[in-house]
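With the hints as constraints, model all of the structure from the sequences given.
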Amino acid sequence: MSDNKFLSELSQNLLEILNDEEYYDITIEVGSDPNVKIFRAHMVILNYRSSYLRRILSKNERKNDGTLSHIKLPTISPEIFQSILRYIYGGKFLFEEYDTLDGIIKILVAANELNLQELVKYLQTSLIENNSDWIEQNFNFIYQTSFENNSFLDLQKYCTDLISKEPDKIFKSLNFSSISEKVLISLIQSDELQMSEVQVWENVLNWGHAQNLELSSDPAKLSKDDFSILKNTLQHCIPFIRFYNLTSKEILDSVIPYREILPEELFVDLFKTFLSLLHPDSMPIAKLKPRKLKNVDSNIITFKHAEIISKWIDKLSTTDKLTSSYKFKLILRGSRDGFSPSKFHEICDGQSCTVSVIKVKNSNEILGGYNPIEWKHDERVYGVTNNSFIFSFESVDSVEKHILSCVKNEQHAIFNARNCGPLFGNHGYDLAIFGDNFYEKSYCRKNSYKKRIRKTENTFSVEEYEVFQIIKEMDG
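Numbered according to numbering that gives the first Met the number 0, the sequence shown spans residues 0 to 475.
The set of hints was computed from the structure by calculation and includes no laboratory data. Be careful, since some hints might not be right.
To be verified - Capping the alpha-carbon separation at 25 Å, the derived lysine to aspartate or glutamate pairs in DMTMM-like fashion look like this:
id : residue 1 : residue 2
1  : 450       : 409
2  : 360       : 378
3  : 445       : 313
4  : 156       : 377
5  : 105       : 128
6  : 407       : 373
7  : 181       : 259
8  : 320       : 439
9  : 120       : 96
All values reported here derive from a predicted model rather than from experimental measurement.
Shown next, in the form of structure tokens:
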């Protein structure tokens, strides 16, 4: 018999003790009117399983008249406490037993109140690893909850990392004005926040105005008292704005109108520093390090697109955490280098691990493919690989709607032809870039890859296309 078998039986025996009506020595009144329930339990188990309950019980004088000890937990609902009590006794928590993740969050909050840190850690990890989609769908609720207590550090970090990559999730949400000062500061102090400094400043101002709706949003209409109110609201946020990473024009347009809310010493130094700059786009030597903006040198895709493509290269789903970091090194751009098959082969032949991206003319569509092996100009030669894939994004402005199609016939994954651009698949290609200047002859069909990446098989013209060499970056 294994140790795990012993533990399983011990857990079951302890749960049976919980349900036994003979040997309990304490009653717990849980909830508030009208939803109140009395639970029976055993002080020795509660003492050793929860330091919070141990403190309460230590203040509860024992009576010699046979009266049971009695405590109250009015802030926890009976339904939530039932689950927690089973965990306290049996040492088990089955995530899959819960229909709604909203209930899991309530259990997380209650577990933290009872100082059940093992359960708190487990619930955070399970939410992050198995329910990232749900977290994103309920992001504002989860983000606010995670900052209500410093025990939820894993959730805080996950949410902050997500916001750093996709700041619009919160800055453009309807609930942005209701976030706490603590949450706002956690965002703007991050080096990884993917937002220009002037956007950070403008969002902080918007938040400040939202806390004081009586104030005009036009700084020219604000009185001295109005500025004083706004200054007091934003006093803890302003130290995290990296003003010295703004251009002189941004200072003039966005900061000078609000000079009354800045500390005088800061404003004087900014004024002297930027007055010495002649060009409106120039910036001083930064006194605070700039944010680590993760840009891709592309006229077609953003960092968000590149991150999803990187996950596909690593055979991850879009909800998985990226385990590797890749640099997208631009080696060809149609508008710079030309839209000809000869130029494609001149630049790309011999290059492996490349991603080709295509912007369809008169459309928001992005098409593309990943080729892990070398491109060649040999006539009618197939490249064999089981790691290539093709893809499409419905819009250049969003990554939400996309199609990934992995190769199903590795013998015909790539086709090399000197009179064509990038070709993926067998004859009747899954993604084919054809024609002089790639005009009106390119198309997508379903052949050697698992899915069709375009709704139509009609030919299209290429507005722009780029080829990137994918370079795995080393940690550190």
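Consistency of the hints with the structure:
1. A hinted pair counts as satisfied when its Cα atoms are at most 25 Å apart, and residue 450 with residue 409 qualifies at roughly 14 Å.
2. Between residue 360 and residue 378, the direct Cα distance comes to roughly 28 Å. Violation of the 25 Å bound is thereby established for this hinted pair.
3. Restraint check for residue 445 and residue 313: satisfied, since their Cα atoms lie roughly 23 Å apart, inside the 25 Å limit.
4. A hinted pair counts as satisfied when its Cα atoms are at most 25 Å apart, and residue 156 with residue 377 does not qualify at roughly 50 Å.
5. Distance check on the hinted pair: residue 105 and residue 128 sit about 18 Å apart at the alpha-carbon level, within 25 Å; holds.
6. About 19 Å separates the Cα atoms of residue 407 and residue 373, which keeps this hinted pair within 25 Å; it holds.
7. Restraint check: the Cα-Cα separation between residue 181 and residue 259 comes to about 23 Å, which is no more than 25 Å; the hinted pair holds.
8. For the proposed pair residue 320 and residue 439, the alpha carbon gap of about 39 Å is over 25 Å, so the pair is violated.
9. Proximity of residue 120 to residue 96 is assessed by CA-CA distance (about 18 Å); at most 25 Å being required, the pair is judged to hold.
In this structure, the earlier hints numbered 2, 4 and 8 are contradicted, and the remaining ones agree with it.
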